[in-house]
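Put together the whole structure using the sequences plus the hints.
These protein sequence lines map, in sequence, to chains Z and B.
Counting along the first sequence from 1, when you hit position 23 you're at 36 in this note's numbering, and nothing is skipped either side.
Counting along the second sequence from 1, when you hit position 76 you're at 89 in this note's numbering, and nothing is skipped either side.
Bear in mind the hints are in silico, worked out from the structure with no lab data behind them.
Every residue gets a Cβ at the ideal spot worked out from N, C-alpha and C, and that includes glycine.
Any given hint could turn out to be false.
What the hints assert, rightly or not - Simulated crosslink set (DSSO-like; lysine-lysine; CA at most 30 Å straight-line): (1) B:K89 to Z:K165; (2) B:K287 to Z:K117; (3) B:K287 to B:K377; (4) Z:K182 to Z:K117; (5) Z:K165 to Z:K125; (6) B:K213 to Z:K117; (7) Z:K125 to Z:K51; (8) Z:K78 to Z:K94; (9) B:K277 to B:K324; (10) B:K192 to B:K146; (11) B:K192 to Z:K163; (12) B:K357 to B:K343; (13) B:K324 to B:K234; (14) Z:K163 to Z:K125; (15) B:K89 to Z:K182; (16) B:K372 to B:K321; (17) B:K192 to B:K234; (18) B:K372 to Z:K117.
Said to hold, decoys possible - Ranges of calculated distance between the beta carbons of each label pair, as one might list FRET restraints: (19) Z:E121 to B:Q194: 49 to 55 Å; (20) B:I229 to Z:R124: 51 to 57 Å; (21) Z:A96 to B:R72: 56 to 62 Å; (22) B:E232 to Z:R124: 45 to 51 Å; (23) Z:K182 to B:R120: 49 to 55 Å; (24) B:S129 to Z:K117: 26 to 32 Å; (25) B:G222 to Z:W122: 54 to 60 Å; (26) B:G222 to Z:A96: 31 to 37 Å; (27) Z:W122 to B:R120: 43 to 49 Å.
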Amino acid sequence: MEVDKGKGEAEETRKVAEADRDTVTLKSSDGKLFEVSKEAAARLSTVLAGMIAGGSIDDNGTDLKQIGSEALENVVDYCNKHANSIPSAALISSSISFNTAPFKEPEEWERKFVDRLSHDALFDLVEAANFLGMERLLDVTCHKISEMMKGKSPDQIREVFNIKNDYTKEELEEIRQELAWAFYDD
Amino acid sequence: MAPHRLRKKPPSPDATATPAPAVASYPLLSLPPEVVNEILTRLSLRDAVRTSALSRAWRRRWESLPSLDIDIGYGKQALWTVDCVLSRCSGRVRRFHTCLDELSARRLDDWLLVLSRRGGVEDLDLRPDQPYKFLSLHSTIFSWRRLISIDLFACHIPPLPQDFVGFPDLKVLSLGKVKLQRNGEYQLQEIIETSPLLEKLTLSELYIGEDGDDFIEWEIKAPNLRYITICSNIDYGWNFAELPCLHSAVIDLWEYVGHRDFAKFLAGLVQARKLNLCMYYAPANAALPKVNGIKILETLPCTFQNLKLLKLFMHFCELAPIFSLFCFLKSAPNLVKLKIKILKMTGINWLPNEMSFMKLMLSKARLLHTLSISHAYDCSVSHVGPLHELVTYGRASAQAQILFQDCVLLVIYTIPSRKIKVTTTRPDDTIEQNTMGISDLGPELLDLILARLPLRDAARASVLSVAWCRSWRHLSDLNFTSPCAAVCDREAIDGVLLHHAGPVRSVR
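The structure is reproduced here in structure tokens:
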């Protein structure tokens, strides 16, 4: 949710009320403001939690110079959706699961959330999640990118991620020989 | 997490005017290194290693991963893979799942020592490739304090080192066909006792070196244990002590704690909600009364308050197990209150006592939903007469139906309307054409249908859907003689028995 900056008369009252507000205002690199629930921000982002606890939240919008407005909008959107989502049965029962896998599967809504993003928006979001110390969002975005690589041939991955093949034919053959066990059925 | 420096996004000429391109406009490797690590560690080892063919910048990228999972299945070249990965990547190995052929088995000690220098692994799964020869395990694994899960099959377990302090994080311990040295009972006891978080314990067909002397009685003491499975044809003197969190137990002992107090043995499982007991062999106890020379279990020293589900595999032709059943029912008040909804009787020969029991159930079980009956494979008596007798017999439950199955027919008798519905299904047709409806049949019916399939097809049905996933593992008949004979050598049978959870009634 985007709010207009600095409506003259409201400015003073807003500053007073800021301390008790249950939202924080974040400012993207291109100067747009976003509001997000203080509780969700503190719960989902270690960096924002630290800033809130340390009192370094700016009433007029905390500068996040490293995050563009599109990515910040997605971050805020994710926080809001997360606050409203009901943990699935799978997650609740995971306390008795013996799965030693370090990564939790994304939930359905999280899958949809990242599926609709363009590649660039996904990359921006994964960086923003990393920057803000948002473990779960980082998990979900990294999962999505790894899904785009799983079981693909090098050619397919190059195409998806726009990677230029700068190997000579001989070099490539050498790699295939060295790591034959990983390439044997290509 | 501290804020990380962000990559400068390459300037895009007019970001607002053009829609986001479908293909990434900036490189994956320009993401912060820790993010690239996060992405690569989510790939399989093979996929991660294959990124080296993408471009020069990627060539050695995977080698700097801080942690990786090594997962090598049957018939794969463990030797090259593990040697290559351990020598190129110095990261921590989180998971080491390896199936070792003879050549790789000779390198196992070296690998385990390398892993030890990196602090051990969290998840260890070792088994020999087929045809299997027992693996010798280096005792260095006992120093791996990070272990969460241990799954060993066909391994020689070395004695515990003097300085063994336990596995503080261990949740799963699964030992199948492993060999322990003399007094290995004490070793097991110590491992279990020093793993306070242990939730799941499987001990299947252990061999413990004989010392010819005393019979060792020992205790499984695990305050957080929820699932326990013990399958053995030898009584290794196990006892249960203090299992306050026990949820379910599968106990399949061939030589049923022969010379010990069976009732006391069972009492250790008193917290269980689900109990799966194989009682083919009459429990023997010198202190119990005897009928025709067989000792009878009359009372249990405790009440199974939590028991909701009891599965018994037993002969109905002998008095001892029948008495044991009644003894159990008397000691499980909540089970009795729950009533019997589904009664499954396999291996039926239409003997008078079997008929009496089924009639008793029909006339008394008010919530009975299904009585499913299947023939003993060598049953020579026609089902027509006895079934008619059952169908027309007075019953306490209005919705009770009788399901009968012999080798060709799946017959459903619905009692209330006295209408007899006969469905003839060839199992193959069922699977291919009626996938939609068949999963709705419920586990009992799925079992019945699966039991008719060759073992290979039954196992393969597990890919159909979640409902099918584990069904075959509980089949009570394992038929190895069907069309899969070509692949069913001794090792395949081992594989099946390893994954098969329930007691086995017949093996052909």
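Verification of the supplied hints:
1. B:K89 to Z:K165: Given that 30 Å is the threshold and the Cα spacing comes to 20 Å, the pair holds.
2. B:K287 to Z:K117: Holds: K287 (chain B) and K117 (chain Z) sit about 28 Å apart, inside 30 Å.
3. B:K287 to B:K377: holds, 23 Å
4. Z:K182 to Z:K117: violated, 40 Å
5. Z:K165 to Z:K125: holds, 22 Å
6. B:K213 to Z:K117: holds, 21 Å
7. Z:K125 to Z:K51: holds, 25 Å
8. Z:K78 to Z:K94: Satisfied, since the Cα-Cα distance of roughly 24 Å is no more than 30 Å.
9. B:K277 to B:K324: holds, 19 Å
10. B:K192 to B:K146: At roughly 12 Å apart (the allowed maximum being 30 Å), K146 (chain B) and K192 (chain B) satisfy the hint.
11. B:K192 to Z:K163: violated, 39 Å
12. B:K357 to B:K343: Status holds; Cα separation ~20 Å.
13. B:K324 to B:K234: holds, 24 Å
14. Z:K163 to Z:K125: holds, 19 Å
15. B:K89 to Z:K182: This hinted pair holds, its Cα atoms lying about 27 Å apart.
16. B:K372 to B:K321: holds, 23 Å
17. B:K192 to B:K234: Within the cut-off at roughly 21 Å; holds.
18. B:K372 to Z:K117: Violated, at roughly 51 Å.
19. Z:E121 to B:Q194: 49 to 55 Å: Between E121 (chain Z) and Q194 (chain B), where Cβ atoms are some 51 Å apart, the hint holds.
20. B:I229 to Z:R124: 51 to 57 Å: holds, 53 Å
21. Z:A96 to B:R72: 56 to 62 Å: violated, 43 Å
22. B:E232 to Z:R124: 45 to 51 Å: holds, 47 Å
23. Z:K182 to B:R120: 49 to 55 Å: violated, 33 Å
24. B:S129 to Z:K117: 26 to 32 Å: For S129 (chain B) and K117 (chain Z) the Cβ distance comes to about 29 Å; the hint holds.
25. B:G222 to Z:W122: 54 to 60 Å: Given about 55 Å between the Cβ atoms, the range holds.
26. B:G222 to Z:A96: 31 to 37 Å: violated, 59 Å
27. Z:W122 to B:R120: 43 to 49 Å: holds, 46 Å
Violated hints for the displayed structure, listed by number in ascending order: 4, 11, 18, 21, 23, 26.
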